[in-house]
Amino acid sequence: LAKTTQPISMDSYEGQEVNITCSHNNIATNDYITWYQQFPSQGPRFIIQGYKTKVTNEVASLFIPADRKSSTLSLPRVSLSDTAVYYCLVGGGGTDKLIFGTGTRLQVFP
Amino acid sequence: NAGVMQNPRHLVRRRGQEARLRCSPMKGHSHVYWYRQLPEEGLKFMVYLQKENIIDESGMPKERFSAEFPKEGPSILRIQQVVRGDSAAYFCASSPPDATNEKLFFGSGTQLSVL
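Which chain is which? The protein sequence lines are D and W, in order.
Quick note on the working numbering: the first sequence kicks off at 1 and runs consecutively.
Quick note on the working numbering: the second sequence kicks off at 1 and runs consecutively.
Worth double-checking, as some hints may not be accurate.
[Claimed, not checked] These stretches of chain D come out as covered by chain W in the derived footprint (C-beta under 8 Å, 3 or more residues):
(1) 64 to 71
(2) 99 to 107
[Claimed, not checked] Here are the simulated lysine-lysine pairs, DSS-like style, with alpha carbons at most 25 Å apart:
(3) K62(W) <-> K51(W)
(4) K69(D) <-> K51(W)
(5) K3(D) <-> K27(W)
(6) K52(D) <-> K69(D)
(7) K3(D) <-> K54(D)
(8) K69(D) <-> K103(W)
(9) K27(W) <-> K103(W)
(10) K51(W) <-> K71(W)
(11) K52(D) <-> K3(D)
(12) K44(W) <-> K62(W)
(13) K44(W) <-> K103(W)
(14) K52(D) <-> K51(W)
(15) K103(W) <-> K3(D)
(16) K103(W) <-> K71(W)
(17) K3(D) <-> K69(D)
(18) K103(W) <-> K54(D)
(19) K27(W) <-> K62(W)
(20) K27(W) <-> K71(W)
Worth flagging that the hints you see were computed from the coordinates, not collected in a lab.
Note that beta-carbon positions come from the ideal geometry of N, C-alpha and C, so glycine has one too.
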């Protein structure tokens, strides 16, 4: 299973764009890259998933370079409510269990 | 369409008692995963089940912990003879049977406190 490495914490201010990069050097050919968001006392919530290039939804964008050894979650114009822990996961193939790392704790200041 | 339902939300047990945590997956989902989370830490995988089968229990402690997902009814995570170190948030997640890429839907968790 591919291991992921991401910064432990990041700080930002309201209205700024936040980019969180995750390294996954051992990603397998059939692995997808998925990001989750977790607020205190809640279960993680799916944000975005991609395989290669760029994916965008109403919440975030996900940039994946050609070698797929890293990925960047981009949150446009963050607000205070985006303060949470963000997890990058790599896996796929149906029966793979998803391994969560320690995540990135994003703190947004007014 | 209701999400993943976990109950109880909070569970208090004394050392030596049994804890039963329930998880009802989303409608149509047949894969269930259990994770444990200690304060200020990430989620630790425990077990992955499909209906009536344990697929991967590599994250389960060898003793006192068991999980099931019967043909009918919710998935149950059972902890016998609880100890203080079992105090944690336990999250259940589910995914549909034909998932070719893992996208999990999580419940709100059960916070277990062992006195």
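**Asked** Can you name, in rising order, the numbers of the hints this structure does not satisfy?
**Response** 1, 4, 5, 14 and 19
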